[in-house]
Amino acid sequence: MKDAYDVVVVGAGPGGSNTAKAAAENGLDVLLLEKRPEIGAPKRCGEGFSVNGAKTLGIKPDPRWTINEIWGANIVAPNGKRVSVRYDNQVGWVIERKMFDKLLAIEAARAGAEVLAKSEVVGLIMQDGFVKGVEVERHGERFSVEAKIVVAADGVESKVARWAGINSTQKLVDIDSAYQYEMVVDLEEPDMLDLYFGNDIAPRGYVWVFPKGKDIANVGIGIGGNVSTKTAKQYLDEWIAKHEPFNEGRIIEVNAGGVPVGAPLEKLVGNGLMIVGDAAHQVNAIHGGGVFEASFAGQIAGRVAAEAIEKGDVSEAALMKYDKEWRAARGEILHRIYKLRRAIEQLSDADLNYLAEELTGEDVVAFANGERLAKLAKILMKRPHLIKAAKELM
Amino acid sequence: MPRKVDYDLCMSCGGCVGVCPFLALTLEHGIKLIVDEEKCTDCGSCTKFCPVGAIKEA
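Taken in order, these protein sequences are the chains called A and B.
Residue 0 is where the first sequence starts when you use numbering that gives the first Met the number 0, and the numbers rise one by one after that.
Residue 0 is where the second sequence starts when you use numbering that gives the first Met the number 0, and the numbers rise one by one after that.
By construction, these hints were calculated from the structure, which means they are not laboratory data.
Note that beta-carbon positions come from the ideal geometry of N, C-alpha and C, so glycine has one too.
Treat the hints with caution; some may be incorrect.
[Said to hold, decoys possible] Below, a list of computed lysine-lysine pairs in the PhoX-like style, where the Cα atoms sit at most 20 Å apart:
id : chain 1 : residue 1 : chain 2 : residue 2
1  : B       : Lys-3     : B       : Lys-55
2  : A       : Lys-266   : A       : Lys-320
3  : A       : Lys-101   : A       : Lys-42
4  : B       : Lys-47    : A       : Lys-170
5  : B       : Lys-47    : B       : Lys-3
6  : A       : Lys-229   : B       : Lys-3
7  : B       : Lys-3     : B       : Lys-38
8  : A       : Lys-117   : A       : Lys-42
9  : A       : Lys-170   : B       : Lys-38
10 : A       : Lys-101   : A       : Lys-80
11 : A       : Lys-42    : A       : Lys-211
12 : A       : Lys-374   : A       : Lys-266
13 : A       : Lys-97    : A       : Lys-117
14 : B       : Lys-31    : A       : Lys-117
15 : B       : Lys-38    : B       : Lys-55
16 : A       : Lys-229   : B       : Lys-47
17 : B       : Lys-31    : A       : Lys-42
18 : A       : Lys-42    : A       : Lys-97
19 : A       : Lys-101   : A       : Lys-59
20 : B       : Lys-55    : A       : Lys-229
21 : A       : Lys-1     : A       : Lys-117
[To be verified] Pair by pair, the computed Cβ-Cβ distance ranges are:
id : chain 1 : residue 1 : chain 2 : residue 2 : range
22 : A       : Ala-3     : B       : Lys-31    : 41 to 47 Å
23 : A       : Thr-228   : B       : Lys-3     : 14 to 20 Å
24 : A       : Lys-323   : B       : Lys-55    : 43 to 49 Å
25 : A       : Gly-164   : B       : Gly-52    : 31 to 37 Å
26 : A       : Met-380   : B       : Glu-56    : 44 to 50 Å
27 : B       : Tyr-6     : A       : Val-121   : 32 to 38 Å
28 : B       : Lys-55    : A       : Glu-237   : 33 to 39 Å
Let the sequences and hints guide you as you build the complete structure.
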């Protein structure tokens, strides 16, 4: 490894690896750093990923991570009413993140990026208002690495952007507290995602069952970071205790994590700095998925980094091209989804039960993608106490 | 008094690090959660967030 690179990417999740790969493919000298000893582990993810998302990203499905096909979803209201949708074609997978993330990092390496696991960035080199590099700790050694651009892809626990003076703190109202068991359990419909809603079940969130095969599933929960005195683990354990066959499930893995469900950061760049993925709050605020968003942003960031370095200008103004391109493609839609989240979290269980009577499964999936919101607003308007929530959608 | 980590419970997920408004938490090597006692203001954001109840009042 050298002491200077064009780009240093902090964090080898999907955002960081896609950034590193795109930057290397565009001719840059890239270093991708991961503080954990193993890229992709431990997972902090329900592992749903859509076929459309993979197509948009140009990621070729690989049997090492496309471990279970998904054809639809069952959405369960607080009163137990199921709203289902099964499509005529496969819509997604439950993936193996440990392989998915690792293969992305391998692709970045094959594109020419240097990749280094168990290497922790502990500080930034700042000079004249520009980020100029990183301080790294590796196996008890501490050293500096210079960079023309540093990419903060350091996840929900991001500090890099904050060290550079950009306030990317995750507010409690805009983060979900999540907990999950991967378990061996007999499943009725291994090709469907199950989502359970209710303020007693999972305040401001939901319980999910994402099958990874005929008899394996991620059974998890996300709840609002500010809404309860009980923990996500307590809520999930209570739900599992009441639901066969999950109460008999054999636990093979336990996961926890934070999910940024606020609006994306207002500014994704600084002088010599780009912010990507969970660190930039680039997450679908309704379903909490971030793999697609981070990957999509990373591909733009890597390309723009190459353009900026070629022109010899890594100022905030030059790097804004990433911000603008990303916002044009994803910013507006993620904002719409964020507004939907703020509206939905005002609903009581009675309201959710009412929606389950009025909506189809296709509607719910469309909402999660920020579509058909006018239809939702119209249905909410029929109940006087929901007019305020409906207006927030429009 | 700064917050205390119960290492029997902590999952090293790092969510609290992002939540802390004072940059008082570090997930060292991605494994061990450290509270910087100088920076911690005992605001309790990390405790409210924690999915497993691992961060406690001292």
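Hint by hint, where does the structure go against what was stated? Just the numbers, ascending. 10, 12, 22, 27 and 28
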